[in-house]
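Use the sequences and the hints to build the structure in full.
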Amino acid sequence: MPRAIDGSKRKDHRKKILKLAKGFRGRRGTNFKAAKDAVVKALTHAYVDRRDRKGDMRSLWITRINAAVREQGLSYSRFIEGLTKAGVVINRKALSNMAIEDPAAFKAVVDASKKALGV
Numbered sequence: 001m002p003r004a005i006d007g008s009k010r011k012d013h014r015k016k017i018l019k020l021a022k023g024f025r026g027r028r029g030t031n032f033k034a035a036k037d038a039v040v041k042a043l044t045h046a047y048v049d050r051r052d053r054k055g056d057m058r059s060l061w062i063t064r065i066n067a068a069v070r071e072q073g074l075s076y077s078r079f080i081e082g083l084t085k086a087g088v089v090i091n092r093k094a095l096s097n098m099a100i101e102d103p104a105a106f107k108a109v110v111d112a113s114k115k116a117l118g119v
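Oh and the sequence shown: position 14 is 14 in full-length UniProt numbering, straight run, nothing missing.
In case anyone wonders, no lab produced these hints; they're calculated from the structure.
Just so it is clear, the structure is predicted and the values come from calculations on it, not from any experiment.
None of the hints are false.
Across the chosen pairs, the derived CB separations fall in these ranges:
#, residue 1, residue 2, range
1, Val48, Lys11, 25 to 35 Å
2, Ser77, Asn97, 12 to 22 Å
3, Tyr47, Gly26, 23 to 33 Å
4, Asp102, Ser77, 14 to 24 Å
Using 25 Å as the maximum straight-line C-alpha spacing, the simulated BS3-like pairs for lysine-lysine come out as follows:
#, residue 1, residue 2
5, Lys85, Lys107
6, Lys33, Lys19
7, Lys85, Lys115
8, Lys36, Lys16
9, Lys11, Lys22
10, Lys9, Lys41
11, Lys41, Lys54
12, Lys22, Lys33
13, Lys115, Lys93
14, Lys33, Lys15
15, Lys15, Lys41
16, Lys54, Lys93
17, Lys85, Lys114
18, Lys36, Lys11
19, Lys9, Lys33
20, Lys19, Lys36
21, Lys15, Lys36
22, Lys114, Lys93
23, Lys11, Lys41
24, Lys19, Lys9
25, Lys16, Lys41
26, Lys41, Lys22
27, Lys107, Lys93
28, Lys36, Lys9
29, Lys33, Lys11
30, Lys22, Lys9
31, Lys36, Lys22
32, Lys33, Lys16
33, Lys41, Lys19
Ideal Cβ placement from N, Cα and C applies to all residues, glycine included.
Below, the structure written as structure tokens:
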């Protein structure tokens, strides 16, 4: 069976890959063979990094909570231990936002944690 060199399927496939490679530097943005490899690699990293972002955000929230809690005289780990003992169920994203946007409410949560720890 002869190769289809100028068929619409082939053109469409190449056009799709080159569109995804738009903005890449050098041959990677214009040459199909180079663009194909670059696009596969880029899409792989994009997929993995979307999952990594979740852990990155959690780390950021924990850092923010730790900074806010240390101003109140507690460490992050003791704070979380106190919340667990007090039966307070608030996720880290909400705690982080509370520490930034509503310091008074955050102080009340820290006080509940301290009370449960007996500090």
